[in-house]
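K.L.:
The primary structure of each chain is shown beneath.
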Amino acid sequence: MHRDHPEVFPERYAHSSAAVGPDGRRRALRIGLGGPVGSGKTATVAALCRSLRDRLAIGVVTNDIYTREDAEFLLRNAVLPPERIVGVETGACPHTAIRDDISANLEAVEDLEEAVGPLDLVLVESGGDNLTATFSKGLVDAQIFVIDVAGGDDIPRKGGPGVTTADLLVVNKTDLAPHVGADLDRMARDAAAQRGALPVVFTSVARGDGIAPVAAWIGERLAAWTA
Amino acid sequence: MTTTAEAAQAAGSGAGALSALLLLSDGRFPAGGHAHSGGAEAAVADGRIRDAAGLADFCRGRLHTTGLVAAALAAATTAGLDPLVLDDAADARTPSLALRTVSRRLGRQLMRAARATWPGADLDALAAARPRGAHQPVVLGVTARAAGLRPLDAAHAAAYESAAGPATAAVRLLSLDPFHAAAVLARLAPQIDTTARAAAEAAGRALTHGPTALPAASAPLLDIGAEHHAAWPVRLFAS
Numbered sequence: 001m002h003r004d005h006p007e008v009f010p011e012r013y014a015h016s017s018a019a020v021g022p023d024g025r026r027r028a029l030r031i032g033l034g035g036p037v038g039s040g041k042t043a044t045v046a047a048l049c050r051s052l053r054d055r056l057a058i059g060v061v062t063n064d065i066y067t068r069e070d071a072e073f074l075l076r077n078a079v080l081p082p083e084r085i086v087g088v089e090t091g092a093c094p095h096t097a098i099r100d101d102i103s104a105n106l107e108a109v110e111d112l113e114e115a116v117g118p119l120d121l122v123l124v125e126s127g128g129d130n131l132t133a134t135f136s137k138g139l140v141d142a143q144i145f146v147i148d149v150a151g152g153d154d155i156p157r158k159g160g161p162g163v164t165t166a167d168l169l170v171v172n173k174t175d176l177a178p179h180v181g182a183d184l185d186r187m188a189r190d191a192a193a194q195r196g197a198l199p200v201v202f203t204s205v206a207r208g209d210g211i212a213p214v215a216a217w218i219g220e221r222l223a224a225w226t227a
Numbered sequence: 001m002t003t004t005a006e007a008a009q010a011a012g013s014g015a016g017a018l019s020a021l022l023l024l025s026d027g028r029f030p031a032g033g034h035a036h037s038g039g040a041e042a043a044v045a046d047g048r049i050r051d052a053a054g055l056a057d058f059c060r061g062r063l064h065t066t067g068l069v070a071a072a073l074a075a076a077t078t079a080g081l082d083p084l085v086l087d088d089a090a091d092a093r094t095p096s097l098a099l100r101t102v103s104r105r106l107g108r109q110l111m112r113a114a115r116a117t118w119p120g121a122d123l124d125a126l127a128a129a130r131p132r133g134a135h136q137p138v139v140l141g142v143t144a145r146a147a148g149l150r151p152l153d154a155a156h157a158a159a160y161e162s163a164a165g166p167a168t169a170a171v172r173l174l175s176l177d178p179f180h181a182a183a184v185l186a187r188l189a190p191q192i193d194t195t196a197r198a199a200a201e202a203a204g205r206a207l208t209h210g211p212t213a214l215p216a217a218s219a220p221l222l223d224i225g226a227e228h229h230a231a232w233p234v235r236l237f238a239s
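For the record, the sequence lines run as chains A and B.
So the first sequence is numbered by the UniProt record's numbering: it starts at 1 and just counts up by one.
So the second sequence is numbered by the UniProt record's numbering: it starts at 1 and just counts up by one.
Mixed in with the good hints there might be a few duds.
Among chain B residues calculated to face chain A with C-beta under 10 Å, some are [as the list claims (entries may be wrong)]:
#, residue
1, Pro30
2, His36
3, Ser37
4, Arg108
5, Ala113
6, Leu236
7, Ala238
Rather than coming from a laboratory, the hints here were simulated on the basis of the structure.
Beta carbons are placed, not taken as given, at the ideal position from N, Cα and C, and that holds for glycine.
Pulled out of the complex, with its shape left as it was, chain B reads as follows:
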């Protein structure tokens, strides 16, 4: 009937799914992300991001480590694994206390937006079980399910955000040319897609083998930077 419906069908989801994915992935979706730099503020202070090239390196590193893990956790949740088991799996894959705290805070904020946007029993149940917030990728996975999306869609949203968050923050932190930041994300697009597919495949394996089948890549500099950043007295971003 319409190109949107055709595109949604091509993506394998129901009517409106493609637009739901765009809405969920939009940086303007009110889920608290605007106050976080995804580690970019600490990296800028350490001189590891100075320009668009540094931003591209940083985003690529984050995408293939914590981005992949977040995407797999989100996809596994959308695929129907127990969110509380995956919440524990997220804890185990997040060595930094500061980042575990941030992830739960963002999860709680996403939960509020999700319950208003795509209300449903699964979201209510997770909110009741984790009133102080489940990990953000887990809430993202339940949200994607409530929005009629597939595991691969949830993985895409998580993988994209893992790079888009720091890119947006770098524009504010460095007065970086916003066109250059957008170009960084555009050039990363093929890797974001690959990461999302790998995450969705891992989620599929986890359906049979449990959450140990999910990736556990880590980025020690992100962890160390986050711990330092959390102790700064003066900072622009919450993380």
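Only chain A is shown next, with the shape it has when bound in the complex:
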């Protein structure tokens, strides 16, 4: 069987931002994290920062819907120095700010790189939204969609652009599955049916080393980005 090299970035994502800046440096890899309210996006960002901050220079852009709670949670938990975390206000429309009109987010990412860069990785966290919320390819290079077992084990079957097209699907809070009657096998089958070969991770990001598979996936994207 003939096997091509895995095509990690089939499209030139974030194409309005040159991969290599005027100073000859490659800009940071931009990863978007989306998903419904309460699925664990902020917890994932926090765990990723703790896991990766010793070997990578990281910045975070949060898109709070109507508060600064996400940014403040990250600050309070001191996952990064405060100057590396910025919040974008979204005018009651989190999906607009990450998909239809990305100007404020692009500005935040660029300002962050300018102020504290060079950075290796910028995580852009969406405000909690619905199953159709995906990131523009003009804003991020790859995106993670975070759902959780307590939100209903039928979410993978329901699909929607987040579940079906995200570069990585994270099914979070698997430790709660027995308590909420979620059928993980069914979720895995439904996710595979919706996503084909796209990867899915079942984990609890806030437990033990639950973030490890997500951090490993980002490590692979970074290796491909800087190759």
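Let chain A serve as the given structure and place chain B on it in line with the hints.
P.N.:
Okay, now just chain B, sitting in the frame of chain A:
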């Protein structure tokens, strides 16, 4: 040849100008406006907008004050006055620090969209001179010029946005019937046109007499509301 071309000629601009104006004025044009309420969020909190009638009063007030000023600044820029001089004129006409900051942020965001949409040397020069953002009406004026539009067109875009921004935001803030919000804008249309013409005429005078000929109407409640709003810990809109 086509009705669009005829309409564009009737409007006194080149081919495609009318559609360019529609594109530039469309709330879906990705220039950052969706995150701003134009002062509506503060006015809703103060009880000054509760329904469609309150929205109509608010939009009319904004149109004839800061809307007129923005339209005149935009038209003067399109007419060819020095954008950096007009940027200073915009500073002088915006007493609230919060609103000056918002205007520059929106100007920077419009600049990004404009350079991708109608690339040109004038936009590049202004972006280089004001990397943190020129005032939004000034960037709008340079954008209109790059899109082949006239000063009156730029004034129309600014005047219309001064009312349409708060109307869209009010739908989200109050769960206002969207048809009522659209009707508010439709009834304001004659005043929007009048304001745009007045702004374009002032821009014409400014070509001879300098930016002091531009209107300097202000709306103290908008300024005060914006300063309060900027300090709120919890809000839906950035301004």
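K.L.:
Output the indices of the hints that this structure fails to meet, ascending.
P.N.:
When the structure is compared with the hints, none of them turns out to be violated.
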